[in-house]
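From first to last, the protein sequence lines stand for chains A and B.
The first sequence begins at 1 in our numbering and counts up one residue at a time.
The second sequence begins at 1001 in our numbering and counts up one residue at a time.
Be aware that a few hints might be false.
[What the hints assert, rightly or not] Straight-line alpha carbon distances no greater than 25 Å define the calculated PhoX-like cross-link-like pairs of lysine-lysine that follow:
1. A:K247 x A:K267
2. A:K170 x A:K267
3. A:K165 x A:K267
4. A:K84 x B:K1151
5. B:K1036 x A:K53
6. A:K247 x A:K53
Derived from the structure by calculation, the hints contain no laboratory data.
The structure presented is a predicted model; accordingly, all values stated were derived computationally and were not measured.
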Amino acid sequence: MAERPRTILEKIWDDHVVTSDPGAPAILAIDLHLVHEVTSPQAFTGLRERGLKVRKPGQTVATADHSIPTLDPSLPITDELARKQLAQIEENCREFGIPFHGKGSPTRGIVHVIGPELGLTQPGMTIVCGDSHTATHGAFGALAFGIGTSEIEMVLATQTLLQRKPRNFKVEVTGRLQPGVGAKDVILALIARIGVGGGTGHVFEYTGAAIRALSMEARMTLCNMSIEGGARAGLVAPDETAFAYLKGRRFAPQGAAWDAAVAGWRKLPSDEGATYDRTIVIDGDALEPMVTYGTNPGMGIPISGRIPSPGDVEPAAREDLDRALAYMGLQAGQPIAGQKLDVVFIGSCTNGRIEDMRSAASVLRGRHVADGLRVLVVPGSQQVKAQAESEGLDEVFRSAGAEWRESGCSMCIAMNGDQLEPGEYGISTSNRNFQGRQGKGGRSFLASPLTAAASAVTGVVTDPRTLQPTATSSGAAAQAAPQPAAQPTAVEAH
Amino acid sequence: MPEPFVRTTSRVIPILRSNIDTDQICPARFLKITDKAGLADALFFDWRFTPDGTRRNPPSFIDEPHNAGRQMLLVGDNFGSGSSREHAPWALRAWGIRAIFSTSFADIFKGNALKNALLPIVVSPERLASLQALVAANPDGEWTVDLEAQKVTLPGGESFAFEIDPFARTMILAGTDEIGYVLSRLPAIEAWEAGHPARVDTAPRESVTAP
């Protein structure tokens, strides 16, 4: 008898259900648990109170990213609370035997950047972390989602979670992305369409020609922001692009184990005829660079567009729009391009990988940032930093007048001193434009690295396709053509 | 261990906004603590204080004197989106909130809330509108949320049923948490693991080839 066609989500789910008591959620086995300093301390305290150990330290890995300064690492940490929190994660990892990529380690970085770059993130896995952007790892065809601190304690204690099965939401992006348009624009366009709660209860599966053509790092950008559309996870079925990215990485299977793993991974993509609870189709050919104007990631428009007026939105959304524009100090109907900026932030688990650095550098090479503008470029990990420096990108950024920092979450969450001041406007390659997210009173525009870098040059929100070429740069748009899937290390924009 | 929770009666605080994210509920700079102390003060902090630290005038929602001690929030659509920080439900509970009424809750927030015996009560858009009208007409009316009966009783005596994850309900009514339950199923977990070797070993090792 033929098996019922299943989606990749259903296959991974079925593969990890330990047991399912009547009326209770399934006990789901967790393959990899990523830990950082901010959401874990109370979970370790819980373990101590119960007298429990970490059940599988070899399936657990920790780093320090959220509250760590991005300044010279030899400087003392002046924020007493951050210093204590960073000391605490180190102590907890030592006590419970968890491998720790901490301060001073060449493999430290944002948890969602180091998992993939170390080869820890692999297709078909269940991956959790006390961070909502754990969805990033879905780029490899893993079921990866954020959890709270009680759940961190659960996974530390049992290497399982109690879970109800999520529903399937197919996001098909057809065609081919135009030059200057990349994964960040795709995800901002999706969230603008379905809203910040549109994916609640679901897992996105991204499919279609435009997705297949994305590099692994672009897929990570895409999956990363699934949570901003309300989906706890998002994933892309693994393919040759994924296998090529993973092969030879430090924690990836080697030799015969590699061949066996790949054979298994090839069975993961959704079966022909598998059914989805919801489907949306996005015309990839028609997408433009996107930018947000409001106070949630669903408030996004094409960069050539105008900020909506109350008449453009559903009656129920008008109050939200009014409140957002009042906070942002923007007018309904005004073009978003040309909006004055104070700060540009390039980095984060959304856009802090080497391709993002190359993309931003392709714009800034031979140019200078606008007068009076503060531009921070923060690599996603120490390995990204080292790679960028080996390519001379740090020099490109410094010569252009930007700051080149140590790795960390930095101004995405503004816990480490990198922040907007009240009233300042920042364009940011990060994932959240919530009120106060990047510093209390700060006002954020979310965009791609290309758009952020183009805006750094002009000092106002700028369509990267409109920058005039310089002697050493052929213009952002020319650098921004989508890369073929066969080149997982493809450079420049995505 | 949490205390058992069965039912409570309280007045309601209306915050008629949609998409209230966890950065509003508990701003990130309050996440540097390594315990759960002081979080009641962090609740909705940036709504309550100007960037220079002055309390807003008129006071915001929970700072209005007549809202002191109220245990229920009535909010717009999609409450709790954004970050997975459990500090959000911790802050709500620390302030004294036990139940929140909305048309929907973000998945991670909902799970975190239930683990802290904070009840996310989902109502239809029509019901939400009628509850908003009710609070506007009778701002000091007392509502009863009965988890055991899965029923909300309004000041006039009208009541309606609500859905809640049956497993979470059992846990909250008994005042137990899930770790004990899962540990009681350890033999099943061990049996599963015997047939499914770990897919990765995070213990330090040398790079095989430069990534």
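Now the hints, each set against the structure:
Taken as a hint, the K247 of chain A and K267 of chain A pair is honoured in the structure, with Cα atoms around 18 Å apart against an allowance of 25 Å. Taking the CA atoms of K170 of chain A and K267 of chain A, the gap is near 19 Å; set against the 25 Å cutoff, the hint holds. Annotation: proposed proximity of K165 of chain A to K267 of chain A holds, straight-line Cα distance about 21 Å (limit 25 Å). The hinted pair formed by K84 of chain A and K1151 of chain B fails the criterion: a straight-line CA distance of about 45 Å is larger than 25 Å.
Note on K1036 of chain B and K53 of chain A: the hinted pairing holds, with a Cα-Cα distance of about 21 Å set against a maximum of 25 Å. The suggested pairing of K247 of chain A with K53 of chain A is violated, with an alpha-carbon distance near 33 Å, which exceeds 25 Å.
Comparing the model with each earlier hint shows violations of hints 4 and 6; every other hint is respected.
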